[in-house]
Amino acid sequence: MRTLLGTEDLDRSSLDGLLDDAEAFLEVLDRPIPKVPALRGRTVATMFFEPSTRTRLSFERAAKALSADTLSFSPGTSSLSKGESLKDTVQTIAAMGADLMVVRHRAVGAPARVAEWTGLPVVNGGDGAHQHPTQALLDALTIRRAKGALDGLRIAIVGDIAHSRVARSDVFAFATLGADVVLVAPRTLLPVDLTGWPCEVSTDLDAVLSDLDVVYLLRVQTERGGASVFPSLREYLRRFGLTRDRFARLRPDAVVLHPGPMNRGVEIEAAVADDPRALVLDQVTNGVAARMAVLFHLLGGADA
Amino acid sequence: MLDLVLRGGRVVTASSVDVVDVGIAGGEIVALGGHMGEAATEIDCSGALVGPGFVDVHTHVREPGQEWKEDIASASRAAVAGGYTAIVAMPNTDPAIDSGPVARFVVERGSDVGLLHVAAAGAITAGREGTRLAHLDDLWDAGVRMFTDDGDAVADAAMMRRALEYIGDRGGVLAQHAVDPSLGAGAMHEGWVSSRLGLAGIPAVAETTVVARDLLLVAETGCRYHVQHVAAAGTIELIAAAKDRGLPVTAEVTPHHLTFDHTAVLGTTDPVYKMMPPLREPDDVAAVRDALRAGVIDMVATDHAPHADHEKDVPFEEAPNGVTGLEWAAAAVNAAAELDERTFFAAMSVAPARLAGLVDHGRYPAVGVPANLVVFDPATTWVPSRTMSRSQNSPYLGRPLTGAVRATVVGGEVVWDAGGHDDAA
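Residue numbers (this note's numbering), protein chains in the order written: chain A, 5 to 308; chain B, 11 to 435.
Hint data in this document are derived by calculation from the structure and do not stem from the laboratory.
By construction, the Cβ of each residue, glycine as well, lies at the ideal position given by its N, Cα and C atoms.
Careful, some of the hints might be misleading.
Unchecked claim - Straight-line C-alpha distance at most 20 Å; calculated EDC-like pairs for lysine to aspartate or glutamate:
#, chain 1, residue 1, chain 2, residue 2
1, A, Lys91, B, Glu423
2, A, Lys86, B, Glu321
3, A, Lys91, B, Asp13
4, A, Lys91, B, Glu321
5, A, Lys91, B, Glu38
6, A, Lys91, B, Asp280
7, A, Lys86, B, Asp280
Said to hold, decoys possible - Only part of the chain A face toward chain B is listed, based on derived beta-carbon distances under 8 Å:
#, residue
8, Leu30
9, Lys86
10, His109
11, His134
12, Asp197
13, Leu198
14, Pro202
15, Arg248
16, Arg250
As the list claims (entries may be wrong) - Which stretches of chain B does chain A cover? Using the computed rule of at least three CB atoms under 8 Å from a CB of chain A, they are:
#, segment
17, 221-235
18, 393-400
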């Protein structure tokens, strides 16, 4: 593996291998000194061209737990504001001695271009509405730890699929790991053509609710698009939100995931968000371990 | 003695395709027939077609205002290398060609460069802003016969109707960039590829709704109407029906829409495949090819749209629309559309010259006709490695092409001779 740009091309054994390693790194994170020397002397640059706190911190925590050094780039304080191009920016950081770049950018395909321009291993930290592969890994890890395995599980991904890089990464990863995925959204929040997507589609959450093992709620991205894609937040909650009533109709062992940050009262009611079967904080912890596994694979820890 | 002889080519005349020599003197064809005597200059045309020079009704020359992308001199060099004897400059310059002086500047720069005929299209609305009419009479007096806000559609129905009325009165042509701005705000064709990539899509109806509305207005006003760069199969049905009703409608297709489909964007999302209208589905590509063969689409136009490396070397969504194409258009059409010789020259030369009102161009070889000709070898395979344009945003660079321009003759002068260039045939 040279880059991790998306989940579409990851096969079962690569995914299982990453998840197995992530489980091992979870154990490391539980130690009194949660650190291993696997990537000592290596430098991970986190290049976040779009505001993000949790994903960047998670990658940096992962890199440091592997004893790598980190270079942290964020656009607010950079020469981007002086008109420097993306290409010049990443080549500059590469020239400082980065061994790997984690790239988040609002433009689809930006991480692939960065890989081309720098020749470095690149991890896609989220590109537009395209892919967010480490999110899919941490989600799969969370489900695996809660349910043993993804094989045969019925998973609904609910919400703004059209504009969600999380949905695009999760669908392919979950399906490759053997889950049965259904997308639930109004047509205005679904991609127009799902050719090649290994999933079903429904516009009726209530109709699919009772046989779900996992409900994956997407954040309603009020800041994206701008155009009106559903009538109001109130109506969204009524038709697609995970209310207490709907939560009560789920199977008793069903779990709830959300990539965060949550809009309480929009896609999820507060009481559901605080229920022990909502695994949102486990996802955050698992995210560090999943990212450790990815950095370890890409930087070939043994060569360090 | 003759000035120039084009020797031994398959000459495409109005009535036949025969292996004959073409004798040229004083800027005109003076003899067509069997072996001619010596001339000051001779070009070996064996194995090649000799026909009316190509005419492009859709060239972005970028001058005035964006000379770092292209200028009239570099566009002229690229055009003659591609077999063109005349081009029509699009008005989305800075300032826009929305007044007489700017139109005159472009045409005069073209004749100063002196390689081929450079005509100017005029904007429909002032500054191409869609809110009030451009100086249409001044443009007309400066020789402009084709009007377009290309790059933007005339979206407002009342403005479009008024423009059709005014330009129709003068006998001009109104050319529409048919992409509805409210439906056309995406980065690529709306389909399974855009869905997979998470890119905002431009649906085919962004094109068809504009054309459908315009055709209703054309029926009412009678103005000549030209659909630029048709990319959607649905547009072809609308145009065919309008032609059946006898409406004065023509249409163009670009080489790239005849060649590529939206799957080209997969992989590295290379902005060299970003253009407006976007590359659509394989069914659309098949439909525009069929329509060109059948004459429903009348002509090929390049939409030659140069952009500098630093403008295209960015993520897909941030890149400007457009690709260059003058040098490889004929080869791309030759490979993609499988036209017979007559349809090929009708689409590349005759129909566009007629649309643009260029009476000395797009005329089949005959005695007394101005010698604006191309020598095109449809069988040679080659790989373009460089360009005459100031920009290199072309998906054809580095890709094998079948068909090469051997020579271009403008006003009896050889303005391009591939023999002097080692990467051409």
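Status of each hint after checking the structure:
| no. | hint | verdict |
| --- | --- | --- |
| 1 | A:Lys91 <-> B:Glu423 | violated, 45 Å |
| 2 | A:Lys86 <-> B:Glu321 | holds, 16 Å |
| 3 | A:Lys91 <-> B:Asp13 | violated, 53 Å |
| 4 | A:Lys91 <-> B:Glu321 | holds, 11 Å |
| 5 | A:Lys91 <-> B:Glu38 | violated, 52 Å |
| 6 | A:Lys91 <-> B:Asp280 | holds, 14 Å |
| 7 | A:Lys86 <-> B:Asp280 | violated, 25 Å |
| 8 | Leu30 | violated, 30 Å |
| 9 | Lys86 | violated, 15 Å |
| 10 | His109 | holds, 7 Å |
| 11 | His134 | holds, 4 Å |
| 12 | Asp197 | holds, 4 Å |
| 13 | Leu198 | holds, 6 Å |
| 14 | Pro202 | violated, 12 Å |
| 15 | Arg248 | violated, 32 Å |
| 16 | Arg250 | violated, 28 Å |
| 17 | 221-235 | violated (count 0) |
| 18 | 393-400 | violated (count 0) |
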